[in-house]
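Numbering follows UniProt numbering, in which position 107 of the sequence shown is assigned residue number 107; successive positions increment by one, without gaps.
Warning: the hint list may mix true and false statements.
Taking lysine to any residue and the SDA-like style, the derived pairs with C-alpha atoms no more than 25 Å apart in a straight line are [unchecked claim]: (1) K39 - E16; (2) K63 - L38; (3) K28 - S12.
Label pairs and their computed distance ranges (CB to CB) [stated by the list, open to error]: (4) D49 - T75: 23 to 29 Å; (5) D7 - V32: 22 to 28 Å; (6) P103 - S76: 38 to 44 Å.
Derived by calculation from the structure, the hints in this document are not laboratory data.
Model, not experiment: these values are computed from the prediction.
Heads up, the beta-carbon is just placed ideally off N, CA and C, and yes, glycines get one too.
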Amino acid sequence: MSRFLEDLRSLSSAEEFFSFLGVEFNPKVVQVNRLHILKKYQTYLKACDAEENGESVSRETHKRCLERAYADFLTSDARSEKLFKVFQSEAGKAFVGLDAILPLAAAERSESKVNSSAEA
1 MSRFLEDLRS LSSAEEFFSF LGVEFNPKVV QVNRLHILKK YQTYLKACDA
51 EENGESVSRE THKRCLERAY ADFLTSDARS EKLFKVFQSE AGKAFVGLDA
101 ILPLAAAERS ESKVNSSAEA
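Use the sequences and the hints to build the structure in full.
If you want it as structure tokens, here you go:
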């Protein structure tokens, strides 16, 4: 593994990635979107890795991918980008089955019987 990749693997915060790769950033933008930017960066890296036939992606490629991911969040937001599952589901399309509700209802009935017996 190259020294560059070793150093890259040791980074733990979004700000460290920006500094290490020499990408200028607005701390307010990164603070609000850090996980989304890094997820998008990872998506762009995977695409670049495929284009480079699995060979080690260069430092310059890493920098371009991070710049591109950051730029996406200068004009967009996490909800629009839909990188994480929580943003991918359609509004109002959540489903809770009866099998999840019925045990709760039965437990509430049992608890209310115990409470009314204790009061009597």
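To see whether the hints hold, each was checked on the structure:
1. Among the hinted pairs, K39 with E16 is consistent with the structure: their alpha-carbon atoms are about 15 Å apart, no more than 25 Å.
2. Simply put, K63 and L38 have alpha-carbon atoms about 12 Å apart, close enough for the 25 Å limit, and the pair holds.
3. Taking the CA atoms of K28 and S12, the gap is near 18 Å; set against the 25 Å cutoff, the hint holds.
4. Taking the beta carbon of each, D49 and T75 are about 25 Å apart, inside 23 to 29 Å as hinted.
5. Distance hint for D7 and V32: a CB-CB separation of about 27 Å, consistent with the stated range 22 to 28 Å.
6. For the pair P103 and S76, the beta carbons lie near 41 Å from each other, so the given range of 38 to 44 Å is met.
When the structure is compared with the earlier hints, no violation turns up for any of them.
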